[in-house]
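S.K.: Just need the whole structure built from these sequences, with the hints factored in.
Quick note, the sequences are listed as chains Y and U, same order.
Under our numbering, read the first sequence as residues 158 to 636, first letter to last.
Under our numbering, read the second sequence as residues 158 to 636, first letter to last.
These are computed hints drawn from the structure, not numbers from a lab.
Since the structure is predicted, the reported quantities are computational estimates derived from the model, not experimental observations.
Certain hints may be false.
Since the list gives no way to pick one copy over another, a pair counts as held whenever it fits inside one copy or between any two copies.
[What the hints assert, rightly or not] Simulated crosslink set (BS3-like; lysine-lysine; CA at most 27 Å straight-line):
no., residue 1, residue 2
1, Lys-425, Lys-334
2, Lys-206, Lys-425
3, Lys-599, Lys-579
4, Lys-579, Lys-603
5, Lys-206, Lys-296
6, Lys-480, Lys-425
7, Lys-296, Lys-425
8, Lys-480, Lys-296
9, Lys-425, Lys-603
Number of protein chains: 2
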Amino acid sequence: MPDPKSFHLPPEEFRRRGHALIDWIADYQARIESLPVLSRVRPGEIRAKLPPAAPLQGESFDQILADVERIILPGITHWQSPNFFAYFPANASGPAILGDLLSSGLGVQGMLWSTSPACTELETHVLDWLVPMLGLPEKFLSTGPGGGVIQDTASSASLCALLAARERATHFASNRKGCDGRLVAYCSAQTHSSIEKAMKIAGMGSDSLRHIAVDENFAMRPDALQRQIALDVEARLVPCFVCATAGTTSSNAFDPIREIARICGEHKTWLHVDAAMSGTAALCSEFRFIHDGLDLADSYTFNPHKWMFTNFDCNCFYVADRKHLIQTLSILPEYLRNQATESGAVIDYRDWHIQLGRRFRALKLWFVIRHYGVQGLQYHIREHVRFAQQFAGWVASDARFELAAPAKLNLVCFRLRSGDEKNQILMDRLNASGDLFLTHTKLDGKLTLRFCVGQTNTQARHVERAWARIQRETADGES
Amino acid sequence: MPDPKSFHLPPEEFRRRGHALIDWIADYQARIESLPVLSRVRPGEIRAKLPPAAPLQGESFDQILADVERIILPGITHWQSPNFFAYFPANASGPAILGDLLSSGLGVQGMLWSTSPACTELETHVLDWLVPMLGLPEKFLSTGPGGGVIQDTASSASLCALLAARERATHFASNRKGCDGRLVAYCSAQTHSSIEKAMKIAGMGSDSLRHIAVDENFAMRPDALQRQIALDVEARLVPCFVCATAGTTSSNAFDPIREIARICGEHKTWLHVDAAMSGTAALCSEFRFIHDGLDLADSYTFNPHKWMFTNFDCNCFYVADRKHLIQTLSILPEYLRNQATESGAVIDYRDWHIQLGRRFRALKLWFVIRHYGVQGLQYHIREHVRFAQQFAGWVASDARFELAAPAKLNLVCFRLRSGDEKNQILMDRLNASGDLFLTHTKLDGKLTLRFCVGQTNTQARHVERAWARIQRETADGES
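M.R.: What follows is the structure, encoded as C-alpha cells:
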C-alpha cells in the first residue's frame, strides 16, 4: 500500500510521462533538421528565463516539459543533427538511448562485482567481443592477463594509463612516496590536450611532457622521439610513457605505432595508444591500418560514444597486463570487503579507474552491438568514410580550396587558399546560417576548417548540401 | 527519405520499443520486492550465458529484452529495492530517470558553454538553487567568486579539490614542475578511501596523507590535527589540504568542521568538506548541524545520486573561489577556441573537472527538484531519518544488541554483543534470505552491521519487517 503522503511519481504516471517523453525524443529526431544546428542564444539568456529559486511545491510534468521546449531547446547545439560536422561526432542511436534508459531504471552501482555481478560480467564480456570485432591484439582479452573496462572519457582512460606507467616505472613507489621529478613522458605536438592535463593531475608536471615534432602529415616523427629519449636518458631522467595517437583530434593524423613501439621497447617505456574517434573504423578490415603495431602497446583506448552509435559516456580502455592498473588504483576499505572479492575470482572495476561508483554502461553498448550486428555497424562506418572521401574530392577539385591534411577516414581538413580572414568569415557565415555546423583548427599556422562526418543520421544528401552551401557562401563572400 | 539500406532503428520502432521499455521499468519497480535483494549468481555465471562472439547480423529487440530478463536480471543486486539497506542508498526516482532519458535523447556534449549553452547554464543555475535549499554558505554561489559543478562522483570531486589545493600551495608550480614531496594532507582515520586514492593519483603519495585520530564517536580530533600539523611544519613540510567529512561512510560520523577550519585558517590550508551521502539531509533545517562551520571551507561536495532521488551519476562540487580550480585544470587547444570562451562571459565546465567531455546531467536534477519541490524532498528525507531512528530505538531496547556509533541521521551501526562470528553469521543469513540486504564495517575493531535507510520506496513497513527478520534470525542462530 503506497504511502498516502508520498510525493513520488505514481507508477501509472511514470508510464504515461515516460511514453510521452519517448515520443518527444522521436519527434525531436524528426524535426531536428528544422532547428539551427548551432545554438543562437547569448551568454546568460537561458539563466534569465529560469526562476531565481527552486519551487517549494512540486510542479507538473506538463510544466517541466513545456520549459524544456521553451527554455532548454533554444540553448541546445544539436549534436544529433545530420548537419553536425563540428569537433567529432557524438552519435547516439535508438538502441543506445534505450540501453541507457534501462541502466537508469535498474539504477545499480557497479563498483564491485558483488554489488551487481551482471554489471561487471556483461562489461567484461562485451569488451572481449570488441577485440576481434576491431581486430585488436588478443592480449587485450580478459581471458589472459589483460582486459578492458568502460570509462567515461578518453581523458580519464589516458590518465589511468599514465598513472599505471608512472607506477610501473617506479616499482609502485610513487603511489606511496609521490613523484620525484625524474619521470618523463612523450606525445606529439598534435596529441590531444588531455595528455598534458593528465601530466599535471598525476603530479609529473607539464614540463616533463615532451611534445615530439610531427612530419608533413602531422604524425609523430619516430626519429625525433628516439633523439629526445636519448637526451633524457643521458640527463638521467626516466622515460616512462609515450602516447601515440591513432587519429589526432586536429587533423586525424596517425602516429606510426609500430616504429614508436620499437623505441618504447628499447627503453621499457609504457606505450599507450589513443584512438578516441578513429578506433571505431577498425570494425572494417580495410581501415585496420590505423592499428598497425598495436600488438606492441601496453594500453589502448577508443570511444564508442564518438562514432559507434553509443551515447555518451562510453569509453573503452584496454590494458595488456591488468595487474599494473589494478595495483595502481586499488583500494579496499573494510566496508567494501566481501567474499567474492577475497576469492580473487572476480573483477572489481572500481580498481580500474579514478572513480569508485559506476553506472551500468555496458547495457547500451550491448544493445547497440546486438541491434546493428557487426555488419550493420560496418555498413554505416563505410558510408561515413565514403561521404567524407567524396567531400574531400570536391574540395580538391575546386581551385579556391586546398586540403590541409590527408583525409584518410571521416575527417576532412580544408581551407580557402585566400587566407585566415576569409576562412574565418566563411566559417562564421556557415555556422550562423543554422544549416550546418563545423569547427576549425590551425595546421601549419593557418586557420583550417574541419568537416567531420559521423553523425548517426548523416546521409549523402546532407554532405552534398553542406558542400553546396560552402561553395555558395564562398562565392557570396567574394562578390 | 531514409536510406533503404539503413540499419538504424526506424522512428516508429523507437517509439514502440521505448514505450515497452518504460513499461518494463515500471513493472520492474512493481515486482522488485519479489526478487532477492542480493544477487545469487556465482562468479562467471552471467558470462557463461552470453554467446562467445558478437552477432554478425542485427537481432530483434524482443530477443534483447528477453535476455535482459533471462541473463541480466538474476545478476542484479537490487539497489532500487525498498529492502536495500546496504552501503549507501543510490535512490533513483521517476523524474530522475526521465530527466536522464531526455539527456540521452538530446545527446549533447557540454564540454564548452558554446557546445550547448543550456547544458552549462541550467547546471550553474540548479547548483545555485541548491545553495539556499541546503543552507550552504553564499560564497558557493556562482554569482560571486565561487560556484558549483556536477561531477560524476565524490571521488573525482575530492581529487579536484586536492589538486586545486596542491596548486594553490605551490603557487601553481606543481602543475608545471610536478610534486616535490613536501606537500602534506590530512584526513581522519575514518575518512573515505577516495582521499588516499586521490593522494596517489595526484603524485603526492599516500605516505604524505596523515590519518588523524578520531574520538569515541569516530569524528576527527582537532587537537590531534593541530599537533600533527605542528609536527609537519616543524619538519619543513607544507600542510596543503584537509578533508573533513560530514557523515563518514563507515559510521556516519561528523567531523567538527568549525574547529578544523580554525586550524586550517592558521596555516592557510585548503579545507574540503565531503558530505557525500549526508549532505542531502541539510534540506531540512533541523539537520543543518552537519554543516556547521562550512562557511569557512574552500570546497564542498555531496551526491544527489545517493540520497536525493537522482540516479547515478550526479555529484555536486562547490568551490569558494573558482579561479583556483580553473587555473589548475584549464586547457585550451586551438580546436576548442571560440568567441564565447574568449569573451570571458561564460563558464566552460571542461575546466572544472578531470574529463573533457560531459553529459547534460543537470536535466535529471532539475526534473527531480521541480517534480518534488523542496517540501516533497524534505518530507521523504524526514521520513527516512524517522525510520532509522525508530530502528535505532528497537536495537537499543533489545539486550542482545548494542548500537556501535551514534545514529544521527539515516544510518544505524549496530551489532550483537556476542562477538564477530555471531554477527557474521547473522549478516550472512539475512543477506542469503533475499528479503533484505545490509553490509558491515569494523568499529573499535569489532564487526558491525550497517543499516542505512534511504531507498526511494522504503516505507515504515520495510524497516519493521527488516527488524523482525533480524530478531528472528538472531533467535534461530542461538537455538
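S.K.: Hint by hint, say whether it matches the structure.
M.R.: Okay, the hints, checked on the actual structure:
1. Lys-425 to Lys-334: both (22 Å within a copy, 24 Å between copies)
2. Lys-206 to Lys-425: neither (57 Å within a copy, 40 Å between copies)
3. Lys-599 to Lys-579: within (14 Å within a copy, 68 Å between copies)
4. Lys-579 to Lys-603: within (11 Å within a copy, 73 Å between copies)
5. Lys-206 to Lys-296: For Lys-206 and Lys-296, the Cα distance is within 27 Å only across copies (23 Å; inside one copy 54 Å).
6. Lys-480 to Lys-425: Cα proximity of Lys-480 and Lys-425: one copy only (17 Å, versus 39 Å across).
7. Lys-296 to Lys-425: within (18 Å within a copy, 49 Å between copies)
8. Lys-480 to Lys-296: Result: close within a single copy only, 13 Å intra versus 44 Å inter.
9. Lys-425 to Lys-603: neither (37 Å within a copy, 46 Å between copies)
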